[in-house]
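Number of protein chains: 2
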Amino acid sequence: MVKKYKTIVLASGTFDLLHLGHVRFLEEAKKAGGENAELVVIVARDSTVKKRKRKKPIMPEDQRRALVESLRVVDEAILGWEDFSIEKVIERIKPDIIAVGHDQDGIEKEVQNAIKEKKISLEIAKIGRFGKQELDSSSKIVRKIIESVNK
Amino acid sequence: MVKKYKTIVLASGTFDLLHLGHVRFLEEAKKAGGENAELVVIVARDSTVKKRKRKKPIMPEDQRRALVESLRVVDEAILGWEDFSIEKVIERIKPDIIAVGHDQDGIEKEVQNAIKEKKISLEIAKIGRFGKQELDSSSKIVRKIIESVNK
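So the protein sequences, as listed, match chains W and H.
Under this note's numbering, think of the first position of the first sequence as 1, with each following residue one higher.
Under this note's numbering, think of the first position of the second sequence as 152, with each following residue one higher.
Hints listed in this document are in silico derivations from the structure and should not be mistaken for laboratory results.
Check the hints yourself; a few may be wrong.
Keeping only pairs whose Cα atoms sit at most 20 Å apart, straight-line, the calculated PhoX-like set for lysine-lysine is [stated by the list, open to error]: (1) W/K118 to W/K88; (2) H/K291 to W/K144; (3) H/K295 to W/K140; (4) W/K144 to H/K204; (5) W/K118 to W/K53; (6) W/K118 to W/K94; (7) H/K291 to H/K204; (8) H/K245 to H/K269; (9) H/K182 to W/K144; (10) H/K267 to H/K245; (11) W/K116 to W/K53; (12) H/K260 to W/K140; (13) W/K55 to H/K295; (14) H/K267 to W/K144; (15) H/K277 to H/K182; (16) H/K260 to H/K245; (17) W/K109 to W/K88; (18) H/K207 to H/K295; (19) W/K144 to H/K295; (20) W/K140 to H/K267; (21) H/K295 to W/K56; (22) H/K295 to W/K50; (23) W/K144 to W/K55; (24) H/K267 to W/K53; (25) H/K291 to W/K56; (26) W/K144 to H/K201.
Given the sequences, and given the hints that come with them, work out the whole structure.
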C-alpha cells in the first residue's frame, strides 16, 4: 500500500454567522488527523440548508464558503452539491477521517451507514462541545440581535 | 539604519459579526506591507465601541479578538486599551503602515495628527470598499436578521 502523505479530514456544516464555536470545531477536527492533516470543509448550499433545517441561512452560500476558507485552520472549503449525499461526498473527497460535531448526529448516522454499505475504511472523529461560551451558536447570536433591537 | 525584516502593518476595527468585508479589508491591509508584511490587528474593546458608536457590539470582545486571530491573513490580534488613543497604539506597536478602511475617516485624521505632532515616519494605507457585496457590513447583517424574523 502506498502511504498517503496527507491525512484528509473532512468536516461539514452551514457556518452561518461564523463564530468561535465553528473555529474550535474545525481546529479539533484537524487535530484528529495528526500532524499531516489536511482539512477539507464542505459548506452546505443554501438549498440544502433550506431542505434540511426548513430555513435559509442568513449569509449566502458563497460568502459562507469564502469566510470558512479564510480561516488559518482550513485548507480547502467547497460548496456542497445540490443533491447532497454522504456517499457522494466520500467518493469525491476520499477522506481518511470524517469529523462530526456535537449537533451532527444525523450526519454521523449517514456516515456509519455508508461505511457499512460500501465497506470503506474511514474513521469518524466525534468532536465534543466546547466550554459553553456565550454566543457559541448562530441561533444564540440571532436571539441576542433580536433582543437588543426590542429593548 | 538597521533594516527591519518585517513590515508591520496595523489595522483596527470592531469586527462584530465577522464577514467577508472584514477579511478583504485585512487582506488588502497586509498587501500594503509587501511580501514581508506582518499584520497586527487591534480589536476594539466593548467599552471603546460603546463610547464611540454609542452601542455595544453583539459579540463580546474576547470572541471578536479570537475570531480575528483565527484568520489566515492575521499574524496577531490584540484587544485595544480602555483609554484608547492612536498615539499610544503607535508607541506600543511601532507600525510601519497603518491601514485605514473606507469607513474609518476618524481614525485617519487621528493618525495624521499623531504623525504631525510626534514627527514620526509612518505610512497611511487607505483601503477602498470592495465590490458592494450583499451583507458586507455588520449593520446590514443585523437588518437582514430582523427582517427575516418579522416576516
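Going down the list of hints, with the structure as the test:
1. Taken as a hint, the W/K118 and W/K88 pair is honoured in the structure, with Cα atoms around 11 Å apart against an allowance of 20 Å.
2. Taking the CA atoms of H/K291 and W/K144, the gap is about 16 Å. The hint holds against a cut of 20 Å.
3. Restraint check for H/K295 and W/K140: satisfied, since their Cα atoms lie roughly 16 Å apart, inside the 20 Å limit.
4. With a C-alpha separation of about 18 Å, the suggested pairing of W/K144 with H/K204 holds against the 20 Å cut-off.
5. A distance of roughly 27 Å separates the Cα atoms of W/K118 and W/K53; the hinted pair therefore is violated under the 20 Å criterion.
6. Of the supplied pair hints, the one linking W/K118 and W/K94 holds, its CA atoms being roughly 13 Å apart against a limit of 20 Å.
7. A distance of roughly 16 Å separates the Cα atoms of H/K291 and H/K204; the hinted pair therefore holds under the 20 Å criterion.
8. At most 20 Å may separate the alpha-carbon atoms for a hinted pair to count; H/K245 and H/K269 meet this at roughly 13 Å.
9. Of the pairs offered as hints, the one joining H/K182 and W/K144 is violated, with about 35 Å between alpha carbons and a cut-off of 20 Å exceeded.
10. At roughly 16 Å between alpha-carbon atoms, H/K267 and H/K245 fall within 20 Å of each other, so this suggested pair holds.
11. Taken as a hint, the W/K116 and W/K53 pair is broken in the structure, with Cα atoms around 26 Å apart against an allowance of 20 Å.
12. Only pairs whose Cα atoms come within 20 Å are accepted, and H/K260 paired with W/K140 is rejected, the gap being roughly 37 Å.
13. At most 20 Å may separate the alpha-carbon atoms for a hinted pair to count; W/K55 and H/K295 meet this at roughly 14 Å.
14. At roughly 43 Å between alpha-carbon atoms, H/K267 and W/K144 are farther apart than 20 Å, so this suggested pair is violated.
15. Distance restraint check for H/K277 and H/K182: the Cα-Cα separation of roughly 12 Å lies within the 20 Å cut-off, and the hinted pair is therefore satisfied.
16. Taking the CA atoms of H/K260 and H/K245, the gap is near 18 Å; set against the 20 Å cutoff, the hint holds.
17. Restraint check for W/K109 and W/K88: the C-alpha separation of about 15 Å stays at or below 20 Å, so the hint holds.
18. With a CA separation close to 19 Å, the supplied pair H/K207 and H/K295 stays within the 20 Å bound.
19. Between W/K144 and H/K295, the direct Cα distance comes to roughly 14 Å. Compliance with the 20 Å bound is thereby established for this hinted pair.
20. Between W/K140 and H/K267 the alpha-carbon distance is near 46 Å, which puts this suggested pair outside the 20 Å criterion.
21. Restraint check: the Cα-Cα separation between H/K295 and W/K56 comes to about 12 Å, which is no more than 20 Å; the hinted pair holds.
22. For the given pair, H/K295 sits about 17 Å from W/K50 by alpha-carbon distance, which is consistent with the 20 Å threshold.
23. Between W/K144 and W/K55 the CA atoms are separated by roughly 18 Å; this keeps the pair inside 20 Å, and the hint holds.
24. Between H/K267 and W/K53 the CA atoms are separated by roughly 56 Å; this puts the pair beyond 20 Å, and the hint is violated.
25. A C-alpha spacing of about 17 Å is found between H/K291 and W/K56, which places the hinted pair at or below 20 Å, so the restraint holds.
26. With a C-alpha separation of about 17 Å, the suggested pairing of W/K144 with H/K201 holds against the 20 Å cut-off.
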